[in-house]
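Number of protein chains: 2
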Amino acid sequence: MWPDRRLIELLGIEIPIVQAPMAGAQDWELVAAVSKAGGLGSLPCAMLAPEKVIEEAGKIRSVTDRPFNLNFFTHTPPRADNAREAAWRDRLAPYYREFGLDPNEPIKGAQRSPFDDKLCAAVEAVKPAVVSFHFGLPENSLLRRVKALGCKVLGCATTAAEARWLMERGADAIIAQGAEAGGHRGIFLNDQLAAQPGTFALVPQVVDAVKVPVIAAGGIADARGIAAAFALGASGVQIGTAFLHGPEAKISEPHRAALKEAKDDSTVLTNVITGRPARGILTRLIREQGPISDAVPEFPLAAAPLAPLRAKAEAQGSGDFSPLWAGQSTALGRAMPAGELVAKLAAETMERLRRLQA
Amino acid sequence: MWPDRRLIELLGIEIPIVQAPMAGAQDWELVAAVSKAGGLGSLPCAMLAPEKVIEEAGKIRSVTDRPFNLNFFTHTPPRADNAREAAWRDRLAPYYREFGLDPNEPIKGAQRSPFDDKLCAAVEAVKPAVVSFHFGLPENSLLRRVKALGCKVLGCATTAAEARWLMERGADAIIAQGAEAGGHRGIFLNDQLAAQPGTFALVPQVVDAVKVPVIAAGGIADARGIAAAFALGASGVQIGTAFLHGPEAKISEPHRAALKEAKDDSTVLTNVITGRPARGILTRLIREQGPISDAVPEFPLAAAPLAPLRAKAEAQGSGDFSPLWAGQSTALGRAMPAGELVAKLAAETMERLRRLQA
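The listed protein sequences correspond, in order, to chains A and E.
Numbering follows my numbering, with no gaps: position 97 of the first sequence is 97.
Just so we're on the same page, my numbering is the position in the second sequence counted from 1, plus 358.
Only chain A is shown next, with the shape it has when bound in the complex:
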């Protein structure tokens, strides 16, 4: 028996493990595997067109009828700033030349769209059990449409103040994303990156700040972390990087290789890959242009000019220009199918909790 069943009951799942949505690193297959095993699989939809969201959801349902989560970004679309974008391309021009690319070749636009009417219509078509949002919540009219479907809404907080903000606006549970977490920080109420709390400090303070269940995220990759999250007052955990070691992850070979080598201090928070701060393994690009730079265009416009460099580098087996998203507990992960991992983590957590008996 889990010591706190609030999240399990809220979401209708059996194991309080939420698989973190990882845009660009997974598709429906990971979602289906985690949900089928009794956890909550999450489909990252920030880089998907509405019709693709519906298609992927159909594939999940072909495997399992258990609850799953559709995840969306809610960032403000960037204002075009030609001078800033040109300056960023100028900074990248030496890399283009190094790879024999034309620094002036046209680049594709940003691929990360915030939640809007069309994506909301896709949610209405899919009617998932759970919808989660990153970077705050969508505008009220959209949020009301999601809640009218009966979807449970998860919001992501990086501070206790953000957690209160999300709860007051209707989030049914709060993901408390500590600084250890891989990928984009959900930070949305301020830009004080240097003050972002770690998981150990954040979780109990979010628990004290809200009345809804709290999902601990950041640095959790094994049964010790899950047991610790419950000790801190969480009702469940969100795990991301640990699933990247497994066969369902759709990541580049350089990314997979870097994950195998990662240590506790292999990652940094950087904004040079997309324009927003995110945690990933240190690469040449981050070392030379960041980790934090004032020169990057607004999110997600920094990303597109990196795509040709990434493609060339990866073709040579290098992750120098790839987003090697990873959290600080990458080394605690194990390469196994996601469903097996969920079952194993659940069993090991039970054993861990038993041994903690005073």
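Mixed in with the good hints, there may be bad ones.
[Unchecked claim] If the Cβ cut is set under 8 Å, some of the chain E residues that face chain A in the computed set are: (1) PRO555; (2) ALA586; (3) SER624.
Calculated from the structure, these hints are not laboratory results.
Beta carbons: idealized from backbone N, C-alpha and C, even for Gly.
Dock chain E against chain A, hints included.
Then chain E, alone, in the frame of chain A:
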């Protein structure tokens, strides 16, 4: 019963709570109170002359015969760099003028001394049960003298690599200091501050890296945190900021007031107060000159020119130029005598562990 008794047995204590040494914020009184209650009190000796170390230890022993810890810094003494120090004073000159101070007045030298022959002689005179070091370990000849006394040696690691380094050189237990911790980061093997792991990620990876007991530090201030530390594999915890709320803390009124108001995101890592990165509540000085600056003199030389500003500001009730050291879980602390806090934390942790029973 504590679920892991290795630290208790190693140190001869009853409650696996180490009080973090906090130079400039406490004296023997806090040490005596914590040790008397069954935890491990720690006397910060980095700013004490050898004879003062002996005197303070005598005061501790007048109250309790239980084990206590003498803590020392092991930094490399700074090389004098007149140009750099003058440039730092130039940066501070506008503040001097604002407070009606003469920017050219002579300043006292640095007050933080690394562990040396004389301080080692003081340890030999005191023969404490435990000695801990920050910023690595002292040179071999000094470390051998300490170990020859029968003292147990604690080393502070901010990464798994540092933990291994400390264990291989003779540390009997490792303090795993996560990024949430208040005060100076123990980082000594590299200067990759941006890559420093949080407590949640650090503790299990240190546990996996070493064979000696691990003491979790950073963001721990209540029973939830202590239970979580054991869940992560720690054999004990180190708690600092939580004791600053209590009557034994010797801190300024602005510091005490700022601690009462602190939230999860009120602190940052800064090097502008001493020259080495440390976590404290954001102040005007940090905002205007940092949080991290390339212009500061080498540790601890940045501190001395701030002393006159601090004195003037504090006299006006302001902490703008004070080191308001604090961790990210300051808000979880409770103002009570240290001995009562130790007893209460122990009882509450037992209860917390019981409730976690699956």
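Structure-based check of all given hints:
{"no.": "1", "hint": "PRO555", "verdict": "holds, 4 Å"}
{"no.": "2", "hint": "ALA586", "verdict": "holds, 4 Å"}
{"no.": "3", "hint": "SER624", "verdict": "holds, 7 Å"}
In terms of the numbered hints stated before, the structure departs from none.
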